[in-house]
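**Q** Below, each chain spelled out in residue letters.
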Amino acid sequence: MKTGIFICHCGHNIKHTVNVKKLSEYFKKYPNVTVSQDYVFVCSEPGQDMIRESIEKKGLDRVIIASCTPSLHGEMFKDVLKKSNLNPFLLRRVSIREHCSWVGDDVEKNTEKAKRLILAGLYSAAHYVPLEEKRVDVTRSALIIGGGVSGLSAAAFLSKMGMQVYLVEKEPELGGHVRTLKNIWPAGKDGKSIIDEMIEELTGRENVEIFTSTTISGFEGFFGNYEVTLDTPEGEKKLTAGGVIIAIGFSPFDPRIKPELQYGKDDRIITTLEFEHNADTLQLPEKPRVAILHCVGSRDEQIGKPYCSRVCCINALRVGEAMKDKYKDSYVESFYMDVRAHPRGGEEYFEDTQEKGVLFTRANVAEINLSPTGIVIRGEDTLFGETFEREFDLVVLSIGMSPPVDNKLIASLLKITLDKDKFFMEAHIKLRPFDTAVKGIFIAGSCSGPKDVEESINHGRASAVKLFGFLNLGYAYVDPFISYVDPKRCSGCRMCEQACVAKAIKYDEEKRVVHVEEAACMGCGLCNATCPSSAISLKGYIDCMIDDEIGALLEAI
Amino acid sequence: MGNFQVKNVLVVGGGIAGITAALELASCGVSVTMLEEGPSIGGRMIQLDKTFPTLDCSTCTLSPKMVEVALNHNIELLSWAKPMAVKKAGQRFQVTILKKSRYVDIKKCNACGSCFPGCPVVMKSEFNMGTGPRKAIYIPFPQAIPNKASIDKCEDRPCKAACVDACPIHTNVLGYLKHISEGRFADAYMLIREVNPFPSVCGRVCDAPCEEACSRGELDDPMAIRELKRFAADQVDPATLEVPDIQQTGKKVAVIGAGPSGLTAAYELALRGHAVTVFEALAEAGGMMRYGIPAYRLPREAINRDIAYIQRHGVEIKTEVRVGQDITLAEITKSHDATYIAVGAHMGLSLGMEGEELPGVHDGITFLRKMNAGEPVQVGKKVAVIGGGNTAVDCAQVARRLGAETVTIVYRRTLSEMPASHEEVETALKEGTVIQFLTAPVRVTAKSDGFLSMVCQKMELGKPDLSGRARPIPIKGSEFTMDVDAVISAVGQVPDTRFVTELGVEVIKTGTIQVDPATLATNVQGIFAGGDVVTEPAYIIDAIAAGRRVAGSIDLFLRSKMVVSEKTWQKDRMFWSKKERTGEKFTHDEVKVLKEKYGEERRLKPQEEPLEERTKDFREVVTGYTESQARSEASRCLAGKIEGCIQCGECERRCDVKAVDYNMKDEIVDMEFDSIVLAPGFDLYDPTEKREFGYGTLDGVITGIEFERICSVTGPTGGDILLKGKVPKRFYFIQCVGSRDRQSGARFCSRVCCMYTAKHASIVKDRIKGAEIYISYIDVRAYGKGYEEFYKSTQESGTFYIRGIPGEITKGENGLLVRVEDMLSGEMRDIEVDVVILATGVRPRKGTEELCNIMSIERDEYGFIRADSITPSRTNVDGIFVCGMASGPKDIPDTVASGGEAAASCMEYINQ
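Note that the protein sequences, when read in sequence, are chains A and E.
Under numbering that gives the first Met the number 0, think of the first position of the first sequence as 0, with each following residue one higher.
Under numbering that gives the first Met the number 0, think of the first position of the second sequence as 0, with each following residue one higher.
Honestly, I wouldn't trust all of these hints.
[To be verified] With a Cα cut of at most 30 Å, we get these calculated DSS-like pairs of lysine-lysine:
{"id": "1", "chain 1": "A", "residue 1": "K57", "chain 2": "E", "residue 2": "K98"}
{"id": "2", "chain 1": "A", "residue 1": "K82", "chain 2": "E", "residue 2": "K107"}
{"id": "3", "chain 1": "E", "residue 1": "K64", "chain 2": "A", "residue 2": "K414"}
{"id": "4", "chain 1": "A", "residue 1": "K20", "chain 2": "E", "residue 2": "K251"}
[To be verified] Stretches of chain A that chain E covers, calculated by requiring three or more beta carbons in the stretch to come under 8 Å of a beta carbon on chain E:
{"id": "5", "region": "7-19"}
{"id": "6", "region": "39-46"}
{"id": "7", "region": "105-114"}
{"id": "8", "region": "278-292"}
{"id": "9", "region": "301-312"}
Keep in mind the hints are simulated off the structure, nothing from the lab.
Heads up, the beta-carbon is just placed ideally off N, CA and C, and yes, glycines get one too.
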């Protein structure tokens, strides 16, 4: 074995608090170390040349670069090895900057620490073997679950880009909730026309298959080639999809969960959704007294809905505006906690509604009582600290968004997780808001939490473009750091199967052993740690490698 | 199977929106050019300490994405770049891009950070929202992408910086004057120290060729560069400086002579890890600085201070060892790897005049040496000094201080030919010294009354001689006699180099040693020589220059046994050549323009001891500047008058990879794209106009983004929440500043301020035990995923939410007094706090208007790019898309989604 150790000064960054000369001298005497050199900037052009020359002239078969954190310049140093015809996975990076020189000022201690870190790298690298990135073929097709505004936007994009699209909708008709809304704020458009336009874009495209009144009954496979079983009115249908976008939307909150609201007991108490559908047919006096209750089914820990539903304040404003527009002399009062008119144009809309005469009362509504002359609302005005009791002809409940009804079913079929409110959980709340932990499976729109139309469209199309990027080439590379099974040691206990989050472990009924689907494996190592018979190893991180590394760090070797 | 030909898309803006769009497009096989107007991508998000509601470190989540941009082969990142003009041609766009120069070669710079500490220009860090400083050469934050330095060069320097060229060691004059003018005296001192181990000495007795060259002198008076150096040197006691830890090479160097040249070489060699022993013939180290210059010009403490610091670097000085007498040169060279001869020129030249040997006739240099060594010297009442150099003038002034009543300098030419510094001559005249010009002594005779009689002759000037000065010709019959107690003859010095001959070191007639001017190597390998012993008497600064040069040359010799001139030296002017010291002069017109621009500011004279008092003893004549005088004198420097980089060359000098290029030019390139994505981002509302909150007038009123930087580890306090060095305990946050506010022209809700305020409150709770926190709000808009819960937990952790916006903030007894009506209780409350943080709202990024104008993009009433809710990224120009905050306030997840959506729209457009 011929190992080359290259220790970087990083200008003053490392050299300042680590005695790099001493280190390079120290490692010269190690067996298997052919080259041990320190250099001012290993990442610089001459630094790279130095490594290349050493590989070519001294025939190095392991390269250890002790410098900055591996994530920096990682690909670049791999390229250096590649150019010298050395397998890039025979490179070991040791961070003696972030993990060492930047941490303390004591030159002696830092040098000792750097020595051990490099030593650990040296011991670990002794076990390295050449690895190859694996190319897997992927199917250029997408399964979109849910035909609402988010799913339709995703389908429109992907089909336009020439991808095979399977759009599955549980209901007989596409369009979700948006279809039923008469006026989409702030677009000022009828929901149906928005949906119709989207559907029209899809119709006639050969690469689009739409399944209505259809549910998912089976889901197998891995990234690039998911095997899906659909339950269609025509019977079972199987298809292969490279990736999936889940866009199953939300369920409107059912106010019956809060009996004090008396919803369902009197038809003068309706939800914003019902108002939207039936505004024209409501029977109201000439000067109607209308109450609008915000936050019904939102910001309510008692019923397990601690979250804000994001859209209901605007919906409430729209009810108020509509009533004022229709009945000039109406008395319209909105009972709220905070008015969350945050969308673009929302604040202005809030102001306009106030100017039209809608009253906003910051209040806690305690109870609603039915009386022959009207509906009596009792509560506390939290601004004036007074209790009130007022009678209304109509009470509109601005209901929130609840998780979609099929959330658990889809989550268990596709092996993805739900958050504490039972919406789907994103991979990273900030930067990967529509990714799941499983590669190629996305969550778009309000199935991951309340969203308005614009946000749902953004989600649908943004996840679609990401999926397109994954599948477009028809193949994908996967890291070589994947698990492999020694069938001789496998006892077939299938504990690894339980541990695997990527569903990459398959059990062979006949041979009674497991094997790893390489394309699906994410290289997390959970199976490796779980296996009681040490039959599974993770390439690039085999056990003895890690043992030796720890040993070297603790100076046990 | 990719069935698309490669398309090119321009993404304008490198924030999280632009990054997302670019990465998505790149993953779809599109070739992306990303333009970032500033030095690094990362946008506003990278300025955040943490992100709500998970309190993830913003840098930790974003910087991997930034690195992805840098590494992605499909993305070309152009920083400091923006579009200048856009023309739609068919479906495509022709874009003219301005690539602003960063004055650092991006291919060479490796972000080592050596350049920043030296830069003397301190500016407000934009990244830290002005809460901390940065240098004119800088990387805005450690994780910047591209991780390359930039120089903030706003204008060309008005002067030619002839001072730096004129200085034999190229002292960064511009730099230290800049430091002094802004009150950073210790920094000024350290900058001087970089090249000069004798700041205290040179601050007093340098001949200051820099001042002669100074461009300011062409306007009114040259800068008082030397005096300012002295001021800086007086502010720092080198005894308090740390000595760096140096790795030893094991090589031994001998230096003969502990004068300025020898000690400089010793110091520089010690810094390079060599063990240096200095052999000094006299009782104390210092050479001519100690034994040639009297204390009233250069106090002994000044010399001692500088030498002590050199000794602390491990330099051993053996005094009272005269080489050639106590030890031979051969013995020294045998026991050392290299030897530097810097014995100076201590032998006074003889006039060859009759009577020179008489008692009462002194040789000037010996006279000074004896006096400075503390030996008794008597001169009587009437003294004549022969000569026109500094030594002669010094002798005259010393004689006066020793009690002489009449001191006459006898000089054979006129005032303008006098080699002594004019300043010194002037002082001497002021102190009562008489100068007899055009006079030469002929002989001295002893008189019976104990007086000496000196016969002189008048001269007239003839044609120039070899030195370029007019040759004095005696006038026949003009002889006259002076009766004096003592005659001091100071007509020149020569080195005593008799000891070198044993090893065959080449010496020329005058006794000076012959060397290779570039390396200072003698003809004998391993022996080098420099300073007066080579040049004949020159100035201290020349001796120091020789010391610096020889140190480099000896170091090279010790490492490689080579004695070759390094390339940089070849380019260098030779250190003793005085001819090239004058730089280019301004033209008449230039002077006029500069005079108009900067006005007249005359040079400030430093304080001096009163004339009558100071001639009675050896106290220092010049007492120097006061702090305010120094700052005001330093601010006269023309280079310091400009904004940004003053092109002093410090970074250039420190850069190992030679990446700095002041002459880099802005570039304009034309490129063609299939589509454009705009993501210019946003700015935050400037609350100065809201007088009631006192931003900009009251200490302790800051904005949310400023607070964000104060909390951040990459911020000015390294992550400690400090205001003026103190940990604040009582916090008042005010929401909706510049949002939901017709007065400030923004009716809209900024969508992020409620949450970032809650985040700030929770950061404070976490880091400052017992902090008292109030938040004023109208509505708390915690609408996103996990936001409501975050708000609740902030509230429950003891933050007081007060519904109502304060009417005014005033200065209280122990802090800031916030007067607010609590709308929930109806009470008027006065709350005293340490800091008020304004949750300022979102505004379109500066430059959005210009950007939109060149592309004919419509904006809304607030200046955001107009977009609608069903096609959120579509602008009025087909093929140009918008994402992120540019089209209105958004939080990070919404921005990421909108970036992806813009990428989708872009893909549709370019593939139709």
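**Q** Against the earlier hints, flag every one the structure doesn't satisfy and list their numbers going up.
**A** Numbers 1, 7 and 8 - these are the hints that the structure violates, sorted from lowest upward.
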